[in-house]
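Enquirer: Residue numbers (the working numbering), protein chains in the order written: chain A, 150 to 238; chain B, 7 to 184; chain C, 643 to 752.
Quick caveat, the hints were computed from the structure, so don't treat them as lab data.
Incorrect hints may appear among the rest.
What the hints assert, rightly or not - Cβ-Cβ distance ranges computed for the label pairs, FRET-style:
#1 B:69 x C:739: 40 to 48 Å
#2 B:110 x C:668: 17 to 25 Å
#3 B:163 x A:205: 50 to 58 Å
#4 B:56 x A:175: 41 to 49 Å
What the hints assert, rightly or not - Examples of chain C residues lying across from chain B (beta carbon under 8 Å, computed):
#5 646
#6 673
#7 729
#8 735
#9 742
#10 748
Stated by the list, open to error - Distance condition first, Cα-Cα at most 20 Å in a straight line; then the derived SDA-like pairs of lysine to any residue:
#11 B:171 x B:98
#12 B:99 x B:163
#13 B:99 x C:722
#14 B:98 x C:664
Here the structure is a predicted model, which is why all the values come from computation and not from measurement.
Heads up, the beta-carbon is just placed ideally off N, CA and C, and yes, glycines get one too.
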Amino acid sequence: MLETVILIVFAMIGLSLLLNIWRLLVGPSVPDRILALDTMYINSIALIILYGMSMGTALYYEAALLIAMLGFVSTVAVCKYLLRGDIIE
Amino acid sequence: MRLETRFKWLPAPILSLLLFFVWLLLNNSVSLGHIVLAVILAIVIPLATSPFSTKQPLVIKPVLALRHILLVLYDIITANVQVAILILGPTKKLTPGFIKVPLDLTHSMPITILASTVSLTPGTVSAEVYPCSERFTEGESCEQRFLLIHVLDLKDEQALINTIKQRYETPLKEIFQC
Amino acid sequence: MTEWIISILLLIGGTFVLVGSIGLVKMPDFFMRLHGPTKATTLGMAALLTAAMIFFSTTQAGVSVKEILISLFLLLTAPISAYMMIKSAIHHKLDSIEKTQGKDNVEDEA
C-alpha cells in the first residue's frame, strides 16, 4: 500500500511543481517569479525525500538539507538585490 | 529586559542549547563521544561569536516560552487548515487588506519573533515595521512602532488586532520582561 | 499500523503542498499569492518529513530523527523569506487588487 501512496504523493508534488513553473513563466512581476522559485525549491526537497523513501535509503537527506539552506540564502539574496540593486553593500 | 547572563562563559543559553541539539540531530546519535563534542561546540561557538553580535534580550521565563511555542505550533496547524479552505474556496469572496498593529514591544528581537509568528499564523503575513525599521540598534529611542500586516480575508480589523496583541504579544512581553 | 500512519501523513503533506501551489496560481495579486506558499507548503513539508522520520525509524536500524532538522529550518526561514519578498514587492510598488482595504497604510521607506 505504501508504494501506491508514495506514487500518488509523487504525482501531487509533480503537479504542484508544474503549477510553480507556470507561475514562473507567466510572472507578471519579478517578486512573483522569486516566489515561484522559492516554492519550487521547497517542493524539490519534498521530491528528494520521497525518492529516498521509495528507494528505501536515507542517503538523500543531506542533499535535501543542502537544498533547504542554499534555497533560503538565494531567495534572500535575490530579494536584497531587488531592494538595493546590490547584494553586499 | 536583561541582556547579560549570570555566567561569563555562557553568553547565550538558548543558542547553546540549540547548537547542542542540532549537532546531535545532524549526527543522529546519542553516543558519549558526540555528546561531549556537542557540549564543547555549544560552549565554544557562542563564546567565539558573541563579540561580533549585539547583545540580545534573554529569555527570562523558559517554562512560559515553552508553553508559548506549543500554543504557536497548535495555531500553525489550525491556521493552515483555515488558509487551505480559503485558498480552495471562491477567490471573489475574499477581502484582502493591509492593517497596522501598534506594538508595545520595543526591542528588535521580540518584534522579530512576533512578526514571524504572525507570518505563520491565521491568514496574515507581516510586511514591515514602522517607523525606523532600519535603525534597529537604537531601538529604545524611537516613538510608537507599528507592524504592517497583509491579511488574506479581513473581516473585523479591531478583533484581529486584539487577537494578535493578546495571544502573541502579551506572552512575549512576559517572556522577555520588557 | 505504522504503514497507515505514514500513508496518512504523506497524503496530508502532499495535499497541503498542492494547495500551496494552487494558491500560487489562483490568487489575483502578489500579496494574496504569498499566503499559499508561506503557510500551506510549510505545514505540508512538516507532515512529509514526519512521515519520512517514522518510515526510516521503522524500516532501518536505529531511530532516525534528523528529518526534524529540515522541518525546523523551513519553519524558521519561511517567515523571513516571506518578509523579504513582501518588502521587495512593496518597494517595487506592485499593485494589489481593487478591493484591498487599507492601502494607505502602506508606505515605502527602503
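Enquirer: So, for every hint listed, does it hold in this structure?
Expert: Going down the list of hints, with the structure as the test:
Range check, residue 69 of chain B to residue 739 of chain C: about 45 Å between beta-carbon atoms, so the 40 to 48 Å window is met. Between residue 110 of chain B and residue 668 of chain C the beta carbon distance is about 37 Å. The supplied range of 17 to 25 Å is therefore violated. Distance hint check for residue 163 of chain B and residue 205 of chain A: the Cβ-Cβ separation is about 52 Å, which falls inside the suggested range of 50 to 58 Å. At roughly 47 Å, the beta carbons of residue 56 of chain B and residue 175 of chain A sit within the given window of 41 to 49 Å.
Interface hint at residue 646 of chain C: violated, since its Cβ lies 20 Å from the closest Cβ of chain B, which is beyond the 8 Å cut-off. For residue 673 of chain C, the interface hint holds, since its Cβ comes within 8 Å of a Cβ in chain B; the closest pair sits about 5 Å apart. The interface hint given for residue 729 of chain C holds, since its Cβ lies 7 Å from the closest Cβ of chain B, which is under the 8 Å cut-off. Given hint, residue 735 of chain C at the interface with chain B, is violated; its Cβ is 13 Å from that chain's nearest Cβ, farther than 8 Å.
A cut of 8 Å between beta carbons decides the hint on residue 742 of chain C: the least distance to chain B is about 5 Å, and the hint holds. A cut of 8 Å between beta carbons decides the hint on residue 748 of chain C: the least distance to chain B is about 6 Å, and the hint holds. Taking the CA atoms of residue 171 of chain B and residue 98 of chain B, the gap is about 29 Å. The hint is violated against a cut of 20 Å. Among the hinted pairs, residue 99 of chain B with residue 163 of chain B is consistent with the structure: their alpha-carbon atoms are about 17 Å apart, no more than 20 Å.
Restraint check: the Cα-Cα separation between residue 99 of chain B and residue 722 of chain C comes to about 29 Å, which exceeds 20 Å; the hinted pair is violated. As the CA atoms of residue 98 of chain B and residue 664 of chain C are separated by approximately 15 Å, the hinted pair is consistent with the 20 Å bound.
Checked against the numbered hints above, the structure breaks hints 2, 5, 8, 11 and 13 and satisfies the rest.
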